[in-house]
Every structure is written in structure tokens, then in C-alpha cells.
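Residue numbers 1 to 206, in the numbering used here, belong to the letters of the sequence shown in order.
A hint or two may mislead.
Label pairs and their calculated CB-CB ranges [to be verified]:
(1) His126 <-> Ala158: 41 to 47 Å
(2) Thr200 <-> Asp98: 28 to 34 Å
(3) Ser119 <-> Thr170: 38 to 44 Å
(4) Asn163 <-> Ser122: 47 to 53 Å
(5) Thr200 <-> Ser99: 41 to 47 Å
(6) Trp195 <-> Leu157: 37 to 43 Å
(7) Ile95 <-> Gln162: 20 to 26 Å
(8) Leu164 <-> Lys199: 48 to 54 Å
(9) Val37 <-> Asp98: 16 to 22 Å
(10) Gly89 <-> Lys199: 27 to 33 Å
(11) Tyr180 <-> Leu115: 20 to 26 Å
Derived BS3-like pairs: lysine-lysine, alpha-carbon spacing no greater than 25 Å straight-line [stated by the list, open to error]:
(12) Lys138 <-> Lys67
(13) Lys199 <-> Lys138
(14) Lys138 <-> Lys84
Don't read these hints as lab results, they were simulated from the structure.
The structure displayed is predicted, hence computed values, not measured ones.
We treat Cβ as the ideally placed atom computed from N, Cα and C, and that holds for glycine.
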Amino acid sequence: MAAIITGTKRPSGTSAVWNWPNLLTALRFVLTVPIFVCILLGWFGIATVLLAVAGVSDWLDGYLARKLKSGTALGRNLDPLADKVLVSGSLILLIPVDSSGVAAWMVVVIVCRELIVTSLRSFLEHAGTPFGAALLGKLKMVLQLLALLTVLAYLALAPDLQNLPTARKTLWLARDALLYGTVGITVISGIEYIWRAYKTCQDRVA
Numbered sequence: 001m002a003a004i005i006t007g008t009k010r011p012s013g014t015s016a017v018w019n020w021p022n023l024l025t026a027l028r029f030v031l032t033v034p035i036f037v038c039i040l041l042g043w044f045g046i047a048t049v050l051l052a053v054a055g056v057s058d059w060l061d062g063y064l065a066r067k068l069k070s071g072t073a074l075g076r077n078l079d080p081l082a083d084k085v086l087v088s089g090s091l092i093l094l095i096p097v098d099s100s101g102v103a104a105w106m107v108v109v110i111v112c113r114e115l116i117v118t119s120l121r122s123f124l125e126h127a128g129t130p131f132g133a134a135l136l137g138k139l140k141m142v143l144q145l146l147a148l149l150t151v152l153a154y155l156a157l158a159p160d161l162q163n164l165p166t167a168r169k170t171l172w173l174a175r176d177a178l179l180y181g182t183v184g185i186t187v188i189s190g191i192e193y194i195w196r197a198y199k200t201c202q203d204r205v206a
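Make a model of the complete structure from these sequences and hints.
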């Protein structure tokens with residue numbers, strides 16, 4: 001009624017949900033399949049390119065959501081979920097790959113953190129409290145993508161760098177630094193999210 005009185009048109013549920021940011025998030029879900037297949041088949045060069053495309057889509061959907069003011073509760077839940085599926089799934093598949101540098105304990109830490117934060121976000125969003133990504137969470141995602149890109153690039157290029165030991169060692173060091181840095185920021189951001197959720201629940205009770 002208010003929309004009729006003011007002469008404005010309320011967007012339909014479908015158009016509100018399937019806006020550009022959410023469509024880009026859906027694209028990232030779709031990209032996980034060929035990325036996983038490429039990792040399993042050892043096509044690390046192609047996997048690197050596809051992961052880079054997924055990373056650009058992640059940045060672009062956030063930019064459009066802010067620019068168009070079209071953020072939705074669905075988007076706040078699906079966007080990080082797409083990131084978690086992509087990152088966690090890729091890391092799990094890379095554990096048995098020689099020279100990936102991905103250790104099982106790293107994946108356990110990252111996956112446990114993601115499950116906890118996803119559960120907290122889902123609970124608070126269903127309770128009507130927006131719980132979007134914090135700065136540390138965004139930094140964590142950037143580091144995770146960079147670490148994955150470096151791992152895949154190392155696996156793709158290492159055979160061609162046999163005669164370039166300095167370049168190979170530099171890429172190897174970058175890979176390990178990003179992997180350990182990712183684990184560290186994942187833990188720190190997880191603690192920050194848990195604290196935010198605790199304070200949010202306290203404020204709601206008060």
C-alpha cells in the first residue's frame with residue numbers, strides 16, 4: 001500500500017534475489033566444479049586461470065552490491081558460502097598432491113573455522129540481525145585466494161623451472177609464506193567473528 005501511495009514500485013522477490021551480485025556469486029559456485037576437476041586431473045594451469053576468474057567475480061559482486069545498494073540477506077550468506085566451498089574444497093583436493101605444500105592440519109583449521117563462522121552467520125541472519133563480512137574476514141579471503149593461486153601456479157610451473165632454481169625457490173617460498181599466513185589470519189578472523197557474534201547476542205538480550 002505504501003508503495004502505491006508514494007508512487008514507487010517495490011521490486012519483486014525474484015528480481016530482488018537474482019540481482020547482479022547474487023548472479024556473480026552463483027557463477028562462483030558453478031566455477032568450483034571445473035576447478036575441482038582440473039585439480040583432480042592435474043591440469044593446474046587451467047585451474048589457476050579459473051580460480052583467478054572466480055577471485056575477480058568475488059571482488060566484483062561485493063563492489064556491485066555496494067555500488068547498486070543491492071545487498072541482500074541471501075547474498076550475505078551465499079557469498080561467503082561460495083568462497084568457503086571453493087577454498088576448502090580446493091585445499092582438500094590438494095592435500096595428496098606432491099609439492100602442493102598443503103598439509104592436512106592446515107585444512108582442518110581452515111574448515112573448522114569456516115563451519116563455526118557460517119553457523120554463527122546463519123543463526124544471526126535468521127534471527128533478523130545482519131552479520132556481514134568484517135575487514136579481517138575479507139583480508140582472510142584475499143590471502144586464501146592468493147595462497148591457492150600461488151600453490152596452483154607453483155604446481156603448473158615447477159616442471160618448467162627445473163633449470164631456474166632461483167625462480168623456483170622464490171615461488172616455493174611465496175607459496176609457503178602465503179599458506180602459513182592464511183592459516184594465521186584464518187584463526188585470528190575466526191576469533192574476531194566469534195567475539196562479534198557474542199557481543200551482538202548480548203546487545204539483543206539487553
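Indices of hints not satisfied (ascending): Hint check: 2 fails alone, others pass.
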